[in-house]
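Whole structure, please, built from the sequences with the hints as guidance.
Quick mapping for you: the protein sequence lines, in order, are chains A and B.
Residues are numbered in the numbering used here as their position in the first sequence, beginning at 1, plus a constant of 849.
Residues are numbered in the numbering used here as their position in the second sequence, beginning at 1, plus a constant of 220.
In case anyone wonders, no lab produced these hints; they're calculated from the structure.
Just to be clear, a hint being listed does not mean it is correct.
Stated by the list, open to error - FRET-style restraints, in silico, Cβ to Cβ: (1) A:1227 with B:371: 45 to 51 angstroms; (2) A:1158 with B:374: 31 to 37 angstroms; (3) A:1097 with B:449: 23 to 29 angstroms; (4) B:516 with A:1220: 48 to 54 angstroms; (5) A:906 with B:327: 40 to 46 angstroms; (6) A:1093 with B:351: 53 to 59 angstroms; (7) B:368 with A:1125: 43 to 49 angstroms; (8) A:1132 with B:345: 53 to 59 angstroms.
Stated by the list, open to error - Some, not all, of what chain A presents toward chain B, calculated at C-beta under 8 angstroms: (9) 868; (10) 939; (11) 940; (12) 959; (13) 1093; (14) 1099; (15) 1203; (16) 1206; (17) 1260.
To be verified - Derived coverage of chain B by chain A (criterion: at least 3 residues anywhere in the stretch with Cβ under 8 angstroms from a Cβ of chain A; other residues may be distant): (18) 262 to 269; (19) 288 to 302; (20) 329 to 342; (21) 346 to 358; (22) 413 to 427.
C-beta atoms are modelled at their ideal positions from N, C-alpha and C, and glycine is treated no differently.
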Amino acid sequence: MTNSTATTDPFAGLAATTLLRFATAGSVDDGKSTLVGRLLHDSKSVLTDQLEAVAHASLSRGQETPDLALLTDGLRAEREQGITIDVAYRYFATPRRRFILADTPGHVQYTRNMVTGASTAELTVILVDARNGVVEQTRRHAAIAALLRVPHVVLAVNKMDLVDFAEPVFADIAEEFTAYATELGVPEVTAIPISALTGDNVVDPSARMDWYGGPTVLEHLETVPVSHDLAECHARLPVQYVIRPQTAEHPDYRGYAGQIAAGTFRVGEEVMVLPSGRTSTVTGIDLLGVPVDVAWTPQSVTLLLADDIDISRGDLVVPARDAPSTTRDIEATVCHVADIPLTVGQRVLLKHTTRTVKAIVQEIPSRLTLDDLSQARNPERLVANDIGRVRVRTAEPLALDAYAESRRTGSFLLIDPADGTTLAAGMAGESFAATGAATATGTTDDEEGWDF
Amino acid sequence: MTPTATTARGEHGSHGEHGGHRAPAPAQTRSPYALSHLDALESEAVHIFREVAGEFERPVVLFSGGKDSIVMLHLALKAFAPAAVPFTLLHVDTGHNFPEVLDYRDRTVARHGLRLHIASVQDYIDRGVLRERPDGTRNPLQTVPLTEAIQQHRFDAVFGGGRRDEEKARAKERVFSLRDEFSQWDPRRQRPELWQLYNGRHAPGEHVRVFPLSNWTELDVWQYIARESIELPRIYFAHEREVFQRSGMWLTPGEWGGPKDGEPLERRLVRYRTVGDMSCTGAVDSDAVTLDAVITEIAASRLTERGATRADDKMSEAAMEDRKREGYF
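In structure tokens:
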């Protein structure tokens, strides 16, 4: 087979490749930095001057070998403390694909950063130490991937060199993790036995694990599908900006600009504008100045409509036959990301697509404990890194999809009206996919089970 | 399900057969709907421009005539076509610019009928507000004219061409980055940036720095310039030039203070990977006279753009972070 040629090909990334956004999650000592370092290094994304800087900094700290974590820990405070505080974005390419890696910290107090990284990721790599297997932190990472509905999850069972590359060790961990993740509703898990330190199954297949027949980490990243069957998606265009040149050349041009959040739009299609409910027909689609017949997510386009109806920023254009209902009462799961708490009765702003409205937190029915997926009833408040269910009432109707149906039109921010702080990341509708019996029969006990 | 066939759903299940041969990668990894990486980056950047146009009162685009700001302007032109770009431009002029670049800047502004503000470091020095550094480098001196121009014109959103691949402190930068009334960046107090929901709310006096090219790499910028046939200042292409060596870099002589005694001039075939203050922007040896040749050269380079050509980033391990905290881009 054609293996990855990332290691030596100087022309990596020159062809018209696709883009994969992915995130990594792992505890402090699971070897995440080593894996990230190896992916970057072996794809020629770490250049000589960066390596020299790392070697120099490592030496001056008394370390004998270059500490690859210094490549990714970019802030003074991070280097001082030797930990990763904030999400960092990394870039690398192979001849097949370009990658944007959200490198997220593993500490539990940085759950909000894991959520940040996962929100735009199409794939998450969760690392475990083969000697320890699935631990509390692993379950936490799986739960976040499930909550954020990351389409692809990779379980990288690392440090296989420390367990003699033994298949049963890998098989047991893979089985336990897959069962757990499937129960949470994670649609796809790919387990890969690796050693980030020695490079086994990271970029090149391992000769020491010939019992493993699957892809290496990089091969999987290069081949995992990045877009799904758009024909089945509800088409959604949040209007960002109305383009009206009012020039001699374009006296009557009136275009509705936005990035297609989901699905496809076609010329000739009958559309509805929400929340007003008015309908019209698409007479033209401009793809950044070029007329096209059809456009799809995530293209930025300008729609032209047959009728001169009142449309402005914040409106949502949808197919007339497939409109979401509008509501002022939203039930959602939120991850609280601010240092000040979120409380019942609090007045907030809610930003959904391109629309920001006033809202009030009506109720906080439960708070989830990610460690064991138990929940506390009516906690009254959520603090930083908490994940909870909320009921929010908005001042104006919103056209929300369920997050499970559309990550882009089912998500929202809660914002502090006083100083603009982002308070919480919201996901409308049910939180975990109810695939297993466990989700359907969650008990009502405070300390047991979860029926999110 | 066998433990290694850990796919809950999807075609990858065949990978995990016990003892089986390595399964070939799926032949079709690209659905007809998948965008090329350049199209995806372009669409994202346009979305960012339109968000700012929709939410802010007085945005401005930093425009130096360098390739990143040229790409930014090109994207802005596409984002609002066939209408005009609804932003003004701002150039922080160090007074040590390459003449070819200033010429390019002025022609571009005129061609698109744009309005350009200039904040001049030389003015600040002449007025005695800023003092020339002993090494003649003016890049760090840009911060004060920049922040004062932002306050004076009450700009509430300032577009910069910064990319996260440039430098490790920039890798931590948000797309929408809130700055206080002193233009300071506090990396520990950044707002989490979730989905494509950018939060641009700010108090009076504060502003937001916006980086539409955050997710682009140097190679992406060059590939996009080639695809879109964007004109660039000539110094980006190989040409013969009088240069001298300082701190391992080829610098162009000029009124800024080079060369000194013992820094002999020589004529070399060079080009620039970045455009900045002449005193700290080095040329690289190159025979790349076309876009294709430049792209081939960048793809094979073992040095980062800044490592190869910027002296001011080498001052300390946290040089960029420290300057950014003060208000630099």
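Report task. Output the numbers, in ascending order, of every earlier hint that fails for this structure. Result -> Hints 6, 12, 16, 20 and 21 are the ones this structure does not satisfy, whereas the remaining hints hold.
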